[in-house]
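Chemist: Residues per chain, in single letters:
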Amino acid sequence: GESVGLHLPTLSVQEGDNSIINCAYSNSASDYFIWYKQESGKGPQFIIDIRSNMDKRQGQRVTVLLNKTVKHLSLQIAATQPGDSAVYFCAESPAYSTLTFGKGTMLLVSP
Amino acid sequence: EAGVTQSPTHLIKTRGQQATLRCSPISGHTSVYWYQQALGLGLQFLLWYDEGEERNRGNFPPRFSGRQFPNYSSELNVNALELEDSALYLCASSLEAGLETQYFGPGTRLLVL
Chain F
49 GESVGLHLPT
59 LSVQEGDNSI
69 INCAYSNSAS
79 DYFIWYKQES
89 GKGPQFIIDI
99 RSNMDKRQGQ
109 RVTVLLNKTV
119 KHLSLQIAAT
129 QPGDSAVYFC
139 AESPAYSTLT
149 FGKGTMLLVS
159 P
Chain U
2 EAGVTQSPTH
12 LIKTRGQQAT
22 LRCSPISGHT
32 SVYWYQQALG
42 LGLQFLLWYD
52 EGEERNRGNF
62 PPRFSGRQFP
72 NYSSELNVNA
82 LELEDSALYL
92 CASSLEAGLE
102 TQYFGPGTRL
112 LVL
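Listed in order, the protein sequences are those of chains F and U.
Take any residue in the first sequence, note its place counting from 1, add 48, and you have its number in this note's numbering.
Take any residue in the second sequence, note its place counting from 1, add 1, and you have its number in this note's numbering.
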C-alpha cells in the first residue's frame, strides 16, 4: 500500500529473489500507467509502462500487471539484484493529461 | 543522446528571496514538466509547458511560475521563498503533448534558510 508522511513502505528481499511492488490508484478514468525507479540523489528513471487496454506487459526482468477492476498495479522484478535497490514510484494519467504519482516503495536488496 | 539537464544542481537561498531553476529537455521533445519532491515524499506536479504555452498547473500558489523558451528549454521561478519550499525540483520532458512517457532530469536541490 501507499504511505503517509515520511515513512515509505519498504520491501526487503534477498538477491536472486523475485520482488513484487504494489500500487493502488484512485482515478478510474486513468488510461496510462508507468513505473519509475529513483536512486538516492538522482531523478526518476523510466522502467516500464502500460495502457488500460492491456493487463500485462513484460520488459527485461520486469513485468507490470494491471487490474482495472480493483484499480491495482504491480511491478514484478525477476532475479532481484543489489543494483535494483531504490525507491519505486507508480504513476497514472487519464488520456492527454498529466501524471499523478504515488508516494513510492523502497526496495532493499541484500546480497 | 543527452538526457534532460537541469541547473544548478544545488541552490541555497534565504527566506523571501527568489530562485530560478533551469531545464533543457531531450532534443526533439517539446513538452516540459516541473515537479516538487519534498524530503521523503512523492512527486507533486507543478507546471506543464508545451510549445511555449502553459498547459496545466498543479495546486501551488502563484509565486511558483515559469516559462518555456522557443528552444523548448524552461525556467521555474519561485518568488518570496519560504522554508517549506526546500525540496528537490525535478524537470521532465516528453516527445510531444499528450504522450505521457516523461523522462526526468537529475533535479535541482533547493535549500531555503
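Be aware that one or more of the hints could be misleading.
[Said to hold, decoys possible] Straight-line alpha carbon distances no greater than 35 Å define the calculated DSBU-like cross-link-like pairs of lysine-lysine that follow:
1) Lys14(U) with Lys119(F)
2) Lys14(U) with Lys104(F)
3) Lys90(F) with Lys116(F)
4) Lys85(F) with Lys119(F)
5) Lys116(F) with Lys85(F)
6) Lys90(F) with Lys104(F)
Just so you know, the hints here were simulated from the structure itself, not pulled from any lab data.
Chemist: All hints are to be evaluated individually against the structure, with a verdict given for each.
Modeler: Hints and how they fare:
1. Lys14(U) with Lys119(F): Violated, at about 42 Å.
2. Lys14(U) with Lys104(F): 46 Å, violated
3. Lys90(F) with Lys116(F): 31 Å, holds
4. Lys85(F) with Lys119(F): Holds, because 21 Å separates the two Cα atoms, which is no more than 35 Å.
5. Lys116(F) with Lys85(F): 23 Å, holds
6. Lys90(F) with Lys104(F): The hint holds at about 28 Å.
The structure is inconsistent with the numbered hints 1 and 2, although it conforms to all the rest.
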